[in-house]
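Protein chains in written order, with the numbering used here: chain A, 2 to 86; chain B, 334 to 1224.
No lab work stands behind these hints, which were simulated from the structure alone. Don't take every hint at face value.
Claimed, not checked - Derived pair list, reagent style BS3-like, types lysine-lysine, alpha-carbon separation capped at 25 Å:
| # | chain 1 | residue 1 | chain 2 | residue 2 |
| --- | --- | --- | --- | --- |
| 1 | B | Lys355 | A | Lys65 |
| 2 | B | Lys596 | B | Lys433 |
| 3 | A | Lys55 | A | Lys31 |
| 4 | A | Lys65 | B | Lys1206 |
| 5 | B | Lys433 | B | Lys355 |
| 6 | B | Lys935 | B | Lys908 |
Unchecked claim - To give an idea of the interface, some chain A residues facing chain B are shown, with a C-beta separation under 10 Å as derived from the structure:
| # | residue |
| --- | --- |
| 7 | Glu35 |
| 8 | Leu39 |
| 9 | Ser66 |
| 10 | Ala69 |
| 11 | Gly70 |
| 12 | Phe72 |
| 13 | Ala74 |
Remember, it's a predicted structure, so these values are computed and weren't measured experimentally. From the three backbone atoms N, C-alpha and C, an ideal C-beta is built for every residue, glycine too.
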Amino acid sequence: MREEINILEHELVPRHEVVPPREALELLRKLGIEPWQLPWISADDPVVKAIGAKPGDIIRIIRKSPTAGEFVAYRYVVVEVTKKS
Amino acid sequence: MKTYSKGDTLSNVLTTRVSRVKFGIMSPDEIRKMSVTTVVTTDVYDNDGLPIDGGVMDKRMGAIEPGETCPICGNTRDSCPGHFGHIELAKPVVHVSFVKHILVYLKTTCESCGRIKIPEEERQEYLKLLRDLEELGLIYLKKRLHEYIRRKAASTAACPHCGAPSKKIKLEKPYSFYVQTETELRRLTPSEIRERLEKISDEDVALLGGDPRDARPEWMVLTVLPVPPRTARPSITLETGIRSEDDLTHKLVDIVRVNNRLKEHVESGAPRAIIEEEWELLQYHVATYIDNEVSGIPVARHRSGKVLKGIAQRLKGKEGRFRGDLRGKRVDFSARTVISPDPSLGVNEVGVPEDIAKILTIPERVTPWNIEFLRKLVLNGPEKWPGANYVTRPDGRKISLKYVDRKAVAESLEPGFIVERHILDGDIALFNRQPSLHRISVMAHVVRVLPYKTLRLNPLVCPPYNADFDGDEMNLHIPQSEEARAEARLLMLVEKHILTPRYGGPVIGGLQDYISGAYLLTVKSTILTKEKAATLLATTGYKGDLPEPAILKPNEYWTGKQLVSLFLPRDFNYKRNSKLGSASALRCIDEDCPHDSLVIIKKGVLLEGVLDKASIGREEPESLVHWLIKDYGEDFGRYFMDSVYKMFVRTCEMHGFTMSYDHLIVSKDARLSIDKLIGEELKEAEELIQLYREGKLTPRPGKTLEESLEDEIIDTLSKKLLDKVAEVITQYFKLSNPVVIMARTGARGNPVNLTQMSGLLGQQTVRGKRLVRGYQGRMLPHFKPGDIGAEARGFIKSGFVDGLDPLELFFHAAAGREGLIDTAVRTSQSGYMQRRLINALQDLRVFYDGTVRTASGEIVQLLYGEDGVDPMKSDHGKAVNVDRVIEKFLG
Chain A
2 MREEINILEH
12 ELVPRHEVVP
22 PREALELLRK
32 LGIEPWQLPW
42 ISADDPVVKA
52 IGAKPGDIIR
62 IIRKSPTAGE
72 FVAYRYVVVE
82 VTKKS
Chain B
334 MKTYSKGDTL
344 SNVLTTRVSR
354 VKFGIMSPDE
364 IRKMSVTTVV
374 TTDVYDNDGL
384 PIDGGVMDKR
394 MGAIEPGETC
404 PICGNTRDSC
414 PGHFGHIELA
424 KPVVHVSFVK
434 HILVYLKTTC
444 ESCGRIKIPE
454 EERQEYLKLL
464 RDLEELGLIY
474 LKKRLHEYIR
484 RKAASTAACP
494 HCGAPSKKIK
504 LEKPYSFYVQ
514 TETELRRLTP
524 SEIRERLEKI
534 SDEDVALLGG
544 DPRDARPEWM
554 VLTVLPVPPR
564 TARPSITLET
574 GIRSEDDLTH
584 KLVDIVRVNN
594 RLKEHVESGA
604 PRAIIEEEWE
614 LLQYHVATYI
624 DNEVSGIPVA
634 RHRSGKVLKG
644 IAQRLKGKEG
654 RFRGDLRGKR
664 VDFSARTVIS
674 PDPSLGVNEV
684 GVPEDIAKIL
694 TIPERVTPWN
704 IEFLRKLVLN
714 GPEKWPGANY
724 VTRPDGRKIS
734 LKYVDRKAVA
744 ESLEPGFIVE
754 RHILDGDIAL
764 FNRQPSLHRI
774 SVMAHVVRVL
784 PYKTLRLNPL
794 VCPPYNADFD
804 GDEMNLHIPQ
814 SEEARAEARL
824 LMLVEKHILT
834 PRYGGPVIGG
844 LQDYISGAYL
854 LTVKSTILTK
864 EKAATLLATT
874 GYKGDLPEPA
884 ILKPNEYWTG
894 KQLVSLFLPR
904 DFNYKRNSKL
914 GSASALRCID
924 EDCPHDSLVI
934 IKKGVLLEGV
944 LDKASIGREE
954 PESLVHWLIK
964 DYGEDFGRYF
974 MDSVYKMFVR
984 TCEMHGFTMS
994 YDHLIVSKDA
1004 RLSIDKLIGE
1014 ELKEAEELIQ
1024 LYREGKLTPR
1034 PGKTLEESLE
1044 DEIIDTLSKK
1054 LLDKVAEVIT
1064 QYFKLSNPVV
1074 IMARTGARGN
1084 PVNLTQMSGL
1094 LGQQTVRGKR
1104 LVRGYQGRML
1114 PHFKPGDIGA
1124 EARGFIKSGF
1134 VDGLDPLELF
1144 FHAAAGREGL
1154 IDTAVRTSQS
1164 GYMQRRLINA
1174 LQDLRVFYDG
1184 TVRTASGEIV
1194 QLLYGEDGVD
1204 PMKSDHGKAV
1214 NVDRVIEKFL
1224 G
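I would like the entire structure built from these sequences, with the hints used as guidance.
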């Protein structure tokens, strides 16, 4: 039998979470950008599937950084990573 | 016209884009349609020197003479774009650049029915597949399908449509096609080729990877030759009045001549052999007109023997139209010569030869405050140095001062005039050395006009430019606008770049003699007489009083540390080990130490410690100069380098610092003990080999027995042995020895180099292995095959002082060459990587909110470097260095 692995529990996978729409709007307003101007992540990405994010969502990644201790990054979930709008 | 506002990003500035560019082959109809005249005669000019209608320089092909109006578009020389003409070829010829494609078409289609040699059913299948791939935009797969179809069609033995057997087609470079039949090898004439290509259907062309609309295969065989406009091949009139035509014009005349002759022969029904001969000649001329570097045919030459330039030669290569002209950038107000060092210049100065200063100019507007000064410059004119070359009057008239009465011009000078004056001391200039890999490869320097013919710079700024003086040349640019000069002074001046954004430490700093000098000056044993102390201070431009002497009786003496302290700010505290103290024998733990290797500065007084590479050297973060610059600014840093560093070199000169052969010779008993050490290690290596032969050697994990042996031997003979020898040798090398001073202070060389000179070189390696390549089982014929002893595989028992024996020299050269190859490979690879990185990153920008964004506003990082720290202004990568802050205030 194959063992089910939750990749979110792996120590090399930083914390991922879906940003609630209200917060996401606030974030975009603060940065003065459209969602597509954020870095993209494929909807097929294992982490995206694991946390149940859908195309159009914005993901928050909280990871350890050698320079800043902890760093927050955002990704915009898209269907096709190679095609620019 | 659209205006752009501040918030515009690249994506909303661009309103129209070129979506794609497509290249095709011109059809004969197209060529005739765009042509304004047929070229029919070989005569170019008539007796009056006017171009003949129907000649290659026909007036209708564009106006190029001044005052001439174009009969086609009515424009003058400046605005006439030029017009194409054409030559009707009597017989078709092959276009040399397309022979490969023609060969493919001939091979893949049937001789008799002209269809692709693939069964109809399969053909339909491929056509559908091709359409699907096109729709999906899978161009790589499409290319592979074409390749597959081509190979398949070419290897079919008989035509599946009409059953005709396929004959082998051969291409004899550069443009002859042959058909191989059982009995003979028949040459295909261009006419036959064209007929065959015409028969291929549009669908089949598409299947084979062609484009039936924009590049029909039969257009690859020329029936009409376009004649480029006169502007593309201008004639040059020499001073003697003799007109010299462009290479292309010469070639076109040749083509017309042969073409006319061929036409005559055809019309008069000449024998076939004669026609074919002329035809072949026409083919040759058209081929060399297009590309005069095709292999297989002799290159076309002038009567003088000079090689003619074909169309391909104009476009090709580094100096061709694309790389040389379209992508080439050229500037005015620049100079380039050999560089040479001048330590008496300031670090931010550049010495400019007077000859160059008389050519490079700066436009200066006349005002009531500078009018007298500028009058003097105008009076001096272009020949005498502080002078001027041009005066521009408010009405825009430009007067060259070379040919006019300068006195009158100087008199007429009024506010509002612009004088293009020579560059003077204190002007700003950009200085550059290629390759410009860095932002510090271009820095602003203050001009100092000097005699002689080289550009001069302070040797301290060599490292950022990576310059030396073995013949290097550098470029100088003079900013012309007030904005450019302000920007250069504020952002690009040398002192703004002493600290590098790479790691926050100084890139500019003492090297070689500066460090030896700093040591010699600050070492405890140096005491200076009043005369010497004054001499040293004079080199710095110091204006104050001499401090109280450190020694009063019997004579007054000053220490070097006292002199250095004169230049340190009164509130400066610093404590750090010197480079000297990095050797365990000379390390100081606290203030109370005889070695003097702990540098302590309190309240701006150098109390203890010698200055060396760790304090004043380049690329030494958290060093004395680094903290001085961080705490007191770049300007102070420049002042420090312009004053104290000059004192260091002067010390070096006064001391007469030098090294000789004698300084490297070790005593007899030292040599004996070294030889004994070598003997011991050699014996150990011998034992290892013995063990290996007996099969008793234990292999290292993950290695074979042979590899383990090699590793063990290298360890024994290089690392271990050299360390042991170094230990013996250091006892004989004291700090009074200049070689040791240089090695220990970090001025030049290191302790390993010392052992290599006085002791032995040790085991030589190539790619981390002992030397093995050469003959079978041995490197040189001086050894027995299979000898794996130390001497046979590149062990060198002598040092440079004793000299190497011939075999050893060969080993050393073998290992030395590896180093040379490595640098050659590394530079090319890192250069290419650099180019790609720059291309990828050049449009990224840090915005005011700290985010890094692309030109179109896409976010790359939410905060620059994830911590928002500018490494140039940080404390060696960290935002705050608490230890340093404490040291700074508490001492």
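Going through the hints against the structure:
1. B/Lys355 / A/Lys65: Violated - the C-alpha atoms of A/Lys65 and B/Lys355 are around 49 Å apart, more than 25 Å.
2. B/Lys596 / B/Lys433: violated (28 Å)
3. A/Lys55 / A/Lys31: holds (23 Å)
4. A/Lys65 / B/Lys1206: holds (24 Å)
5. B/Lys433 / B/Lys355: Answer holds: B/Lys433 to B/Lys355 is near 20 Å, not above 25 Å.
6. B/Lys935 / B/Lys908: holds (8 Å)
7. Glu35: OK, holds: A/Glu35 within 10 Å of chain B, min 8 Å.
8. Leu39: holds (6 Å)
9. Ser66: holds (5 Å)
10. Ala69: Hint on A/Ala69: holds, closest Cβ of chain B at ~4 Å, below 10 Å.
11. Gly70: holds (8 Å)
12. Phe72: holds (4 Å)
13. Ala74: holds (6 Å)
The earlier numbered hints that this structure contradicts are 1 and 2.
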